[in-house]
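Asker: So the protein sequences, as listed, match chains A and B. Under the numbering used here, the residues of the first sequence are numbered 40 to 153, in order. Under the numbering used here, the residues of the second sequence are numbered 11 to 128, in order.
FYI, nobody ran anything at the bench for these hints, they're computed from the structure. Please note: incorrect hints may appear among the correct ones.
Computed footprint of chain A on chain B; a stretch qualifies when at least three of its residues, placed anywhere within it, have a C-beta under 8 Å from a C-beta of chain A [as the list claims (entries may be wrong)]: (1) 42-55; (2) 110-120.
No farther apart than 30 Å at their CA atoms in a straight line, the calculated lysine-lysine pairs in the DSSO-like style are these [as the list claims (entries may be wrong)]: (3) B/Lys78 - B/Lys32; (4) B/Lys52 - B/Lys32; (5) B/Lys47 - B/Lys68; (6) B/Lys68 - B/Lys32; (7) B/Lys52 - A/Lys50; (8) A/Lys54 - B/Lys32; (9) B/Lys78 - B/Lys68; (10) B/Lys67 - B/Lys32; (11) A/Lys96 - B/Lys47; (12) A/Lys96 - A/Lys50; (13) B/Lys52 - A/Lys96; (14) A/Lys56 - B/Lys52; (15) B/Lys47 - B/Lys67; (16) B/Lys81 - B/Lys32; (17) B/Lys68 - B/Lys52; (18) B/Lys81 - A/Lys96; (19) B/Lys67 - B/Lys52; (20) A/Lys50 - B/Lys47.
Below, a sample of chain B positions facing chain A; criterion: calculated Cβ distance under 10 Å [claimed, not checked]: (21) Gly11; (22) Gln16; (23) Arg61; (24) Val64; (25) Asn107; (26) Ile123.
All C-beta atoms, glycine included, are put in the ideal place defined by N, C-alpha and C.
For reference, the chains in residue letters:
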Amino acid sequence: GAGVSQSPSNKVTEKGKDVELRCDPISGHTALYWYRQRLGQGLEFLIYFQGNSAPDKSGLPSDRFSAERTGESVSTLTIQRTQQEDSAVYLCASSLVIGNYEQYFGPGTRLTVT
Amino acid sequence: GENVEQHPSTLSVQEGDSAVIKCTYSDSASNYFPWYKQELGKRPQLIIDIRSNVGEKKDQRIAVTLNKTAKHFSLHITETQPEDSAVYFCAANLLINAGGTSYGKLTFGQGTILTVHP
Chain A
40 GAGVSQSPSN KVTEKGKDVE LRCDPISGHT ALYWYRQRLG QGLEFLIYFQ GNSAPDKSGL
100 PSDRFSAERT GESVSTLTIQ RTQQEDSAVY LCASSLVIGN YEQYFGPGTR LTVT
Chain B
11 GENVEQHPST LSVQEGDSAV IKCTYSDSAS NYFPWYKQEL GKRPQLIIDI RSNVGEKKDQ
71 RIAVTLNKTA KHFSLHITET QPEDSAVYFC AANLLINAGG TSYGKLTFGQ GTILTVHP
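For reference, chain B alone in the conformation it holds in the complex (with noise of 0.2 Å):
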């Protein structure tokens, strides 16, 4: 199966700087990377996705890049803000064929915890 690892585990900056959270993944069949931020006591949301023919996408202030060859993709956040202070993951898609039909079966990392200082 997929496995994904995910660094730093935690990641402290101040206000105004960068951020960048790297992960890798072990099967180069994945073919849908996403992120998600997960703020205290909520639920995971997606801010951002990648399909395995996109090597860049960016929205805003965040942006992601993937490296197929590598088998690593990376989510950067530029002009940090107090707000963007939460948990972050990353996940890896396979298509997995199981009981006759095939899904897309996303393995997470094990989360960064980034806190912007004012």
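Excised from the complex, chain A in its bound form (with noise of 0.2 Å):
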């Protein structure tokens, strides 16, 4: 079946700008994550969806960001204000839930703030 899904792949923006990144997970998959791995670096937790709430926000980096799920399915993560240490690859990644902890892994989306 088709996997996690990102748009854009690519988005160049002007330091100051809004963005919104979106994630399609696979679906039937329940819990949803993002991600950000900047340049040379591991993964980095921002959010956790179950469902369409967010009970985990602990790795938000500031309030410039946030993020929506609507139902069991897309996600938004929305970059307020966009700094040049925004730039870095977004990751989203979904899984079921229960007793299940694999998560797979869209292609992510390349922010570069000029």
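Take the two lone chains, each set in its own frame, and fit them into one complex as the hints suggest.
Answerer: Laid out in structure tokens, this is it:
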């Protein structure tokens, strides 16, 4: 079946502008995660969704970052007033929850803030 | 929270040799340990995983071992091939209670760049 998809694949934006990144999880996966991966670095947890609620937002770096999820499907990550340090690849992953922890990743959105 | 350390950061081997990547974790309650392979510009792909009630798991040329007492786990790749060249990430899963629910939270190591020379 279809895997996790993300759009856009690449985004170049000017400092100070807002951006919205989209994630479509695998159908039936109730858990959804957002990660940030800076160049040459590991994956940094941002936020977790269970259905459309976000019980863990502890990884969001600042109040410029927010995320929403519609039901158990699409999620959007919004970064307001982008800064150069926001440049990174933003990865989304989904998983079945109960007793099953495997996370399946999307291809990521490469964000460049100029 | 959990902390995962991964070594080495880079590893260069000749085709046919074995490669070993090691990770340590801090929270003894972590219960699931996946390994991901990420090729340049691609998404991380799960290649093997192990749960805390198992000491070793093997899948063809790759194997993972887990030592719960020492809180470390390792990835072993035998008979390496050039197509094994990639960045490998380990992770440890910890059940987190948040907002009245519990979920598995992965903490990742910093990655190992594996290069297999033909």
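Asker: None of the hints should be skipped; say for each whether it holds.
Answerer: We went through each hint and held it up to the structure:
no. : hint              : in the structure
1   : 42-55             : holds (count 7)
2   : 110-120           : holds (count 10)
3   : B/Lys78 - B/Lys32 : holds, 14 Å
4   : B/Lys52 - B/Lys32 : holds, 23 Å
5   : B/Lys47 - B/Lys68 : holds, 16 Å
6   : B/Lys68 - B/Lys32 : holds, 16 Å
7   : B/Lys52 - A/Lys50 : holds, 16 Å
8   : A/Lys54 - B/Lys32 : violated, 39 Å
9   : B/Lys78 - B/Lys68 : holds, 18 Å
10  : B/Lys67 - B/Lys32 : holds, 15 Å
11  : A/Lys96 - B/Lys47 : holds, 26 Å
12  : A/Lys96 - A/Lys50 : holds, 24 Å
13  : B/Lys52 - A/Lys96 : holds, 26 Å
14  : A/Lys56 - B/Lys52 : holds, 27 Å
15  : B/Lys47 - B/Lys67 : holds, 17 Å
16  : B/Lys81 - B/Lys32 : holds, 11 Å
17  : B/Lys68 - B/Lys52 : holds, 25 Å
18  : B/Lys81 - A/Lys96 : holds, 27 Å
19  : B/Lys67 - B/Lys52 : holds, 26 Å
20  : A/Lys50 - B/Lys47 : holds, 24 Å
21  : Gly11             : holds, 9 Å
22  : Gln16             : holds, 8 Å
23  : Arg61             : holds, 9 Å
24  : Val64             : violated, 14 Å
25  : Asn107            : holds, 9 Å
26  : Ile123            : holds, 9 Å
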